[in-house]
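Visitor: Going line by line, the protein sequences match chains A and B.
According to numbering that gives the first Met the number 0, the residues represented by the first sequence are 0 to 896, in order.
According to numbering that gives the first Met the number 0, the residues represented by the second sequence are 0 to 110, in order.
Hints were generated in silico from the structure; no laboratory data involved.
In this text, all values refer to a predicted model and were calculated from it rather than measured experimentally.
Some hints here could point you the wrong way.
Capping the alpha-carbon separation at 25 Å, the derived lysine-lysine pairs in BS3-like fashion look like this [as the list claims (entries may be wrong)]: (1) A:Lys684 - A:Lys255; (2) B:Lys34 - A:Lys66; (3) A:Lys255 - A:Lys127; (4) B:Lys66 - A:Lys66; (5) B:Lys54 - A:Lys64; (6) A:Lys64 - B:Lys85; (7) B:Lys54 - B:Lys34; (8) B:Lys54 - A:Lys66.
Which residues of chain B face chain A? A few of them, derived with a C-beta cut under 7 Å, are [claimed, not checked]: (9) Asp45; (10) Gln57; (11) Ala74; (12) Lys75; (13) Pro82; (14) Arg84; (15) Gly95.
Glycine included, each C-beta is placed from N, C-alpha and C at the ideal position.
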Amino acid sequence: MRPERWIYTLPLRLRSLFHRQAADQELDEELRYHVELKTQQYLNQGMSQQEARRAALLEMGGVEKRKEECRDARPVSWLQDLLQDVHFGLRLLRKSPGFTAVAVLTLALGVGANTIIFSVVNAVMYRKPPLPEPDRVIVVSSSSAVDSSTPDRVYSQLPVSGPDYLDWRAQSSSFSGMAAAEFDSFTISGGSTPERASGARVSPEFFNVLGVVPAFGRTILAGEDQPGHDQVVILSDELWKSEFGGDQQILGRLLKINGNPCTVVGVMSPGFRLPPFLAKLWIPLVLSHGNLRATGRDDRYLRIFARLKPGVNVRQAGAEMATIAQRIAQAHPNTNRGWGAGVMSLQQYSIADMNAGPPLAFLMAAVAFVLLIACANIANLLLARNSARQREFTIRAVLGAGRLRLARQLLTECLLLSFTGGCLGILVGYGGLHALLPRFNWNEDAVVLAKEVTIDGHVLGVTLAIILVCSIFFGLAPALQFSRGDASNGLKEGGRGTTISRERHRMQRLLVGGQLALSLFLLVGASMFAGQFIQEMRANAGLNPHNMLTASVSLRGLEYFQPQRQRSFYESVLRRLTSAPGVQSAAVTSDLPFSSPDSLPLTIENHAVTNAGEQPTCGHFAVSPGFFATTQIPLLQGREFTASDNADSVPVAIVNEAFARRYFPGENPIGRHIRIDPAHRTSEKPSEIVGITGNVNEYLGQAVPRPEFFEPFLARPTGSMYLMLRAHTDPALFSDRLRRAVWAEDSNQAVTDVRTMERVIRDSSAGDDLLAELMGAFAASALLIAAIGIYGVLSYLVGQRTHEIGIRMALGARPDEVLLLLIRNGMKLVATGAAIGFLVSLTLPKVIAAGFNDFRFHAAWVIALAPVVIIIVGLLACYIPARRATRVDPMIALRYE
Amino acid sequence: MSKPSDLVQGTLDLLLLKILALQPLNGFAISLRLKQVSGDVLQVSDGSLYPALHKLEQEGWITAEWKTTENNRRAKFYSLTRPGRKHLEKEADNWGRLAAAISHVVRLKET
């Protein structure tokens, strides 16, 4: 519009915005003047006063309607209408606090649940690693078929050997740089107490490839990957602050990393993370000559990072790497046959590594259902309320309100409701996340993930979209119903509430039935997860986890190079521990139960192996003599290890029951021999089986026990062991004593993962308990909301039938008959919903089994029980309003309109 | 009474602008003038007159002023603005071309 016109239009806009009343008054005056003159004109033509006025008004065609049209000519009128609608809507909501509270709270519950789950999904699926051009950062891995019979199923995230890495780097042209890292845990001493922290040995290009620079100091220089020049360390911001108090003078300080003196040369910035790879410190990676020999290709322990050259995409790089890997496999068939290269962006790698797809998908479905149920509830409440407002709408329509204008009013009210509920829902989400995230503690990955989960703009955007979709969803039903209404009908219907439109009832029944079916479905799903978890926890652990404390020690430093030193270290620690008051017994073991122990291939006497692939592979523990007493794993036959089972004595082993059953069925295994495959142990003498113990679980929820064998730790000491002690009282009280026992022996060693055995078992569920709890919470919310829904609809129906009930009772119906009638009415609805839900739930075991392949819970009784729960809840929700109806005084009811 | 042909969309605006181009008038006078100039061919109900006037006012083509009439009553007088006059010229041209074209088509000889 040209400025010249603004002179005329701008004052008008301002006037209609801020002096609306004056403008309206003038409009009124203008039209009145017209009608008066017109009346005068007709009077002059000889009409009577009354006739003339009537004719003048008729010609105008409804003064109020014209006024509305004139007001609509003002371009800002929509804004005023909106304000008016909001004002009116708020007043309505305030006037019916019960309705408002139920609608807002149920919606808040639904939106809150969705916000929580989506913020987790957001952190897992959509967070880019905090690096420049994160999509171009690639992880290159080894890939190999899961087993030779199915070449299509491939592990594509396996580590890479040193020689393979060097060949890849030399031959590939897709990348602007390639770097290697070996992730490990390191013991840092030289601070107050020795600590173990995750870290990495990295090649000098590492930080360059990722595109990051240190906060201060420097990273690794080109020559520092050579033996003898590698004594430098770079700290993460976190480690620098937690262990060194953010000391500004840290550069140049000498720390002991695994007992080797290293100079601090740099500190990374706080934002540097490389999910899912955890590291708090970085030291140079020295590719030793041993690894670079041809046989070193078998030793795969490196993670390879690369940055794509401009113009190259992931698929092209993948094709090139596949060709290179194939060429290497042909040149080195002994070590590389069947090995390929997997190329993924860091983000893809991270998502695949977390393997969080199935639980997140189920949680998202669950919260979507909760929200759907909440929306159906609000739709139902609105239906009921709007039918009570039918007359108001009709009168407004008669007075000249356009259909669109009324629909807009309804929509505004819906939006008001959903935004109030939605904002509250976001608060619920914040609160819920606050309560939820500390539970992400089963391992370090989960703790790191929890830090990534926030309600950011992305999450808020999705929540906003959800709220909008919701208001359309629950605003639609009443709006549809309204638009079908007819003005004259509306006025009539208000007169006597006997024949309420069947259509509205059908819609309400449909909504309530759907809610119930969905709730049942959720209930069955949640019960299955809970049942699976309880079954896992109850599964015979094989040991007595009560009053047990465990800790991990990994001996570092040159002085422990000799096995003899490792042995004497643990022997003295155990002596200290067992002599401490309150300690019943103590032991060391190479692996904890429930922590997926090592497996070793065996040759077993009298158990000939014909095919190479059929060699038995059994769980292996190296344990000290006190192990069975401490864990209370029962010894079924033979003897335990003693102090004389050491490196100089005849090699002995203990096997578990599953081992005995499998390899010596119907025989006595004691006195027989087993031998660890020579590829894993050189010059191995066969070990004699001296005892049989009960089975012990290797992971949570293990249904079938696996053959396991135990070797005496004294005969085969290693540096990394778990300490365990059994106390007479609360084991947590002994954690300090345990640490002190280690440090009394060597104050440079770190004691980590100090956990009770019960905690070890719980952590090994890797969040399954959380999943079960969340599903349970969502199902309970759904059930509650649905119950409110039944209650609301039935209350409304009863209210509508008060008149009829009055007649029935006046004609002699007994209260209990009326009660029964109403309850039967409601329960028909409940039963239909439950039946549909039941039928749909029959698919759940299959659906869940498709998502979780270790899901073994038998759901029959849960599927049978859930409808009973729904029906009981439904009965309660019907009973309360029905009972109220029977208390009605017939006289009042008959007068009731 | 047979219904008079509906005003072609937008022609009411053109008529109102033209009438106001001659002299400022109030609403009632405009309704009289409309009947007068067009005979009874173009009937504009009082009902549709005022919303149309308000629309033109909001668009800045006409402006309104409260004045006292000869019988000493306050009435709202509308007059054309400068942009409104230009708009009228343009619309009148358009209308002329349209009318000529249509009458040309209508008079085509049938063969």
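Visitor: When you check the alpha-carbon spacing of Lys54 (chain B) and Lys66 (chain A), does it fall within 25 Å?
Guide: Judged against 25 Å, a Cα distance of about 12 Å means the pair holds.
Visitor: Per the CB criterion, is Gln57 (chain B) less than 7 Å away from chain A?
Guide: With a minimum Cβ separation of about 5 Å from chain A (threshold 7 Å), the hint on Gln57 (chain B) holds.
Visitor: Going straight from one Cα to the other, do Lys66 (chain B) and Lys66 (chain A) come out at no more than 25 Å?
Guide: holds, 21 Å
Visitor: So if I understand the rule, the pair passes when the alpha-carbon distance is 25 Å or less; does Lys255 (chain A) with Lys127 (chain A) pass?
Guide: violated, 34 Å
Visitor: Go through the hint on Asp45 (chain B) and say holds or violated, using the shortest Cβ distance to chain A against 7 Å.
Guide: Holds: closest Cβ of chain A sits about 5 Å from Asp45 (chain B), inside 7 Å.
Visitor: Grab the minimum C-beta distance from Pro82 (chain B) to chain A and call the hint holds if it beats 7 Å, violated otherwise.
Guide: Hint holds; Pro82 (chain B) Cβ to chain A Cβ min 5 Å, cut 7 Å.
Visitor: Given the proposed pairing of Lys34 (chain B) with Lys66 (chain A), does the C-alpha separation stay at or below 25 Å?
Guide: holds, 23 Å
Visitor: Should the interface hint for Ala74 (chain B) be scored as holding, given a Cβ-Cβ cut-off of 7 Å against chain A?
Guide: The hint holds - Ala74 (chain B) has a Cβ within 7 Å of chain A, the shortest such distance being about 6 Å.
Visitor: With a cut-off of 25 Å on the C-alpha distance, tell me whether Lys54 (chain B) and Lys34 (chain B) pass.
Guide: holds, 21 Å
Visitor: For the hint on Arg84 (chain B), just tell me whether its beta-carbon gets within less than 7 Å of chain A.
Guide: Since the shortest Cβ distance to chain A is 11 Å, the answer is violated.
Visitor: Holds or violated: Lys75 (chain B) as interface residue toward chain A, Cβ cutoff 7 Å?
Guide: holds, 5 Å
Visitor: Between Lys684 (chain A) and Lys255 (chain A), is the straight-line Cα distance small enough, at 25 Å or below?
Guide: Measuring from Cα to Cα gives roughly 38 Å; hence the hint is violated.
In terms of the numbered hints stated before, the structure departs from hints 1, 3, 6, 14 and 15, listed from lowest to highest.
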